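Keeping their order, the protein sequence lines are chains A and B.
Residue numbers in the first sequence follow the working numbering, run continuously in steps of one, and reach 316 at the last position.
Residue numbers in the second sequence follow the working numbering, run continuously in steps of one, and reach 147 at the last position.
If you're looking for bench data, these hints aren't it; they were derived computationally from the structure.
A quick note: this is a predicted structure, and the numbers were derived from the prediction, not measured.
Heads up, a few of these hints could be off.
[As the list claims (entries may be wrong)] Here are some, though not all, of the chain A residues that point toward chain B, as calculated from beta-carbon distances under 10 Å:
1. L33
2. G42
3. L47
4. P57
5. T60
6. V61
7. S63
8. E66
9. V72
10. M129
11. R208
12. F211
The beta carbon of each residue, even a glycine, is placed where N, CA and C say it ideally should be.
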Amino acid sequence: MTVVTEHRADTGAGTGVLERRYRRLLLGYPRAYRSGYGGELIATLLDTAEPGRTVPSARESFALVVGGLRTRVIHATERPAWVDGVHLGVLALSVAQLAMLVPYATTVPLWAGLSALAVLLIMRGLVRLALPVVVLVAVKVCAITLGLPWLDRTLLPVDPDRFWGGGSLYGGGGPVAPMIGYALAVLGLLVLTAHGRRLGTRSWFWLPAASLLAGADPAGLDFPAAGGSHAMARVALEIGVLLLAVWAGHVAHDLRWAAAAAVYLIPVLAVYAENLGMHSERDVAHLAVLVLLTASAAAVPYRAKRHVLL
Amino acid sequence: MVSRMAKGSPTVSEPTYFILASLLDGPLHGHGIIKQTLELSENRVRLPVGTLYGALDRLAAAGLIAVDREEVVDGRPRRYFQLTDQGRALVSAEALRMQQAASVVTKRILRPGSAFS
Numbered sequence: 007m008t009v010v011t012e013h014r015a016d017t018g019a020g021t022g023v024l025e026r027r028y029r030r031l032l033l034g035y036p037r038a039y040r041s042g043y044g045g046e047l048i049a050t051l052l053d054t055a056e057p058g059r060t061v062p063s064a065r066e067s068f069a070l071v072v073g074g075l076r077t078r079v080i081h082a083t084e085r086p087a088w089v090d091g092v093h094l095g096v097l098a099l100s101v102a103q104l105a106m107l108v109p110y111a112t113t114v115p116l117w118a119g120l121s122a123l124a125v126l127l128i129m130r131g132l133v134r135l136a137l138p139v140v141v142l143v144a145v146k147v148c149a150i151t152l153g154l155p156w157l158d159r160t161l162l163p164v165d166p167d168r169f170w171g172g173g174s175l176y177g178g179g180g181p182v183a184p185m186i187g188y189a190l191a192v193l194g195l196l197v198l199t200a201h202g203r204r205l206g207t208r209s210w211f212w213l214p215a216a217s218l219l220a221g222a223d224p225a226g227l228d229f230p231a232a233g234g235s236h237a238m239a240r241v242a243l244e245i246g247v248l249l250l251a252v253w254a255g256h257v258a259h260d261l262r263w264a265a266a267a268a269v270y271l272i273p274v275l276a277v278y279a280e281n282l283g284m285h286s287e288r289d290v291a292h293l294a295v296l297v298l299l300t301a302s303a304a305a306v307p308y309r310a311k312r313h314v315l316l
Numbered sequence: 031m032v033s034r035m036a037k038g039s040p041t042v043s044e045p046t047y048f049i050l051a052s053l054l055d056g057p058l059h060g061h062g063i064i065k066q067t068l069e070l071s072e073n074r075v076r077l078p079v080g081t082l083y084g085a086l087d088r089l090a091a092a093g094l095i096a097v098d099r100e101e102v103v104d105g106r107p108r109r110y111f112q113l114t115d116q117g118r119a120l121v122s123a124e125a126l127r128m129q130q131a132a133s134v135v136t137k138r139i140l141r142p143g144s145a146f147s
């Protein structure tokens with residue numbers, strides 16, 4: 007039962023500024039949580055703030071950011087684990103595939119555009135609509151890797167725009183790895199379509215991720231041809247997202263993030279298998295980190311179940 | 031969460047221990063728990079609000095605490111949390127465990143003739 011009792015004392019204009027800043031920090035929490043408990047958190051935050059404070063302390067800000075992420079992770083487990091894991095994995099894969107096409111967008115605008123559309127549709131959970139779009143892009147990519155003029159006339163090799171530099175499209179590796187990547191994306195979408203139920207929407211974070219990944223050739227090895235800042239940005243983003251997956255698996259005791267990481271890892275493994283014997287030491291280290299983090303994401307939920315920390 | 035706990039032996043962190051201890055005398059709201067925790071721990075455990083509510087959500091999901099009642103103060107809801115029987119049993123068991131662990135040392139250092147007595 008809810009009882010209306012005392013009134014908080016008027017604490018002045020400084021509190022208004024502080025409250026606005028706390029509200030911004032609370033945006034890290036899921037919308038449903040904010041509408042249920044946001045007011046209560048704000049009241050407690052204002053009650054515990056020192057008089058005259060207008061900027062949240064670093065300690066409190068950090069706790070709110072971590073608390074928001076943790077609550078999002080817990081809320082995510084309300085969806086069925088395997089469906090959610092496949093959805094997330096296919097989205098990560100489609101973002102990497104879009105990033106591959108971005109530097110060539112002026113030469114193959116239709117296919118880069120369709121790839122971006124596929125990412126948007128998958129992100130919004132509209133997998134039934136995304137499926138034919140991904141199939142079309144997959145056929146075109148196969149055509150380019152095999153040097154065939156399917157679907158439209160594309161002058162090969164496809165060179166990148168001047169801004170990006172680098173080699174021709176899919177010139178850094180064989181045709182098998184891109185085909186495996188697209189086959190996996192199509193298979194994942196088929197499974198999600200067959201499942202039938204409406205999927206949740208994904209964070210808009212995935213769109214800027216595509217631009218961060220752009221320019222680093224996922225179809226070839228990262229480092230033999232000088233690596234560069236694009237390759238480093240891609241590796242840093244991969245490691246950051248995989249560390250989040252490990253943490254989320256630990257917090258929620260759940261395997262969905264490991265499943266998504268595994269979906270992303272399979273085409274990467276195909277790249278390495280297709281280029282066997284051509285890896286630099288940094289390539290091997292890159293692969294080892296990806297495999298280790300994916301295995302950790304799969305192992306931590308079991309460990310967290312055995313050792314419950316309250 | 032409760033079924034998860036049954037699979038493993040829960041380890042109680044220091045902040046969680048003091049949160050549970052702060053509720054031994056009766057229901058408290060978030061700010062009350064922070065103040066009581068600070069006092070009980072002799073200013074050692076200063077809980078940020080984000081951390082406190084994360085812990086309260088986990089403890090409620092584990093069945094160790096429950097919402098006793100809600101009030102509205104200045105237009106904002108405020109929940110009062112109370113210990114469940116399970117929570118009371120857990121914090122009591124943890125206190126006994128720490129007491130026994132402490133006695134291993136205190137029996138020796140307070141013994142007549144000990145270098146510390």
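So, going through the hints one by one against the coordinates:
| no. | hint | in the structure |
| --- | --- | --- |
| 1 | L33 | violated (13 Å) |
| 2 | G42 | holds (9 Å) |
| 3 | L47 | holds (6 Å) |
| 4 | P57 | violated (15 Å) |
| 5 | T60 | violated (17 Å) |
| 6 | V61 | violated (15 Å) |
| 7 | S63 | holds (8 Å) |
| 8 | E66 | holds (5 Å) |
| 9 | V72 | holds (7 Å) |
| 10 | M129 | violated (28 Å) |
| 11 | R208 | violated (23 Å) |
| 12 | F211 | violated (20 Å) |
The earlier numbered hints that this structure contradicts are 1, 4, 5, 6, 10, 11 and 12.
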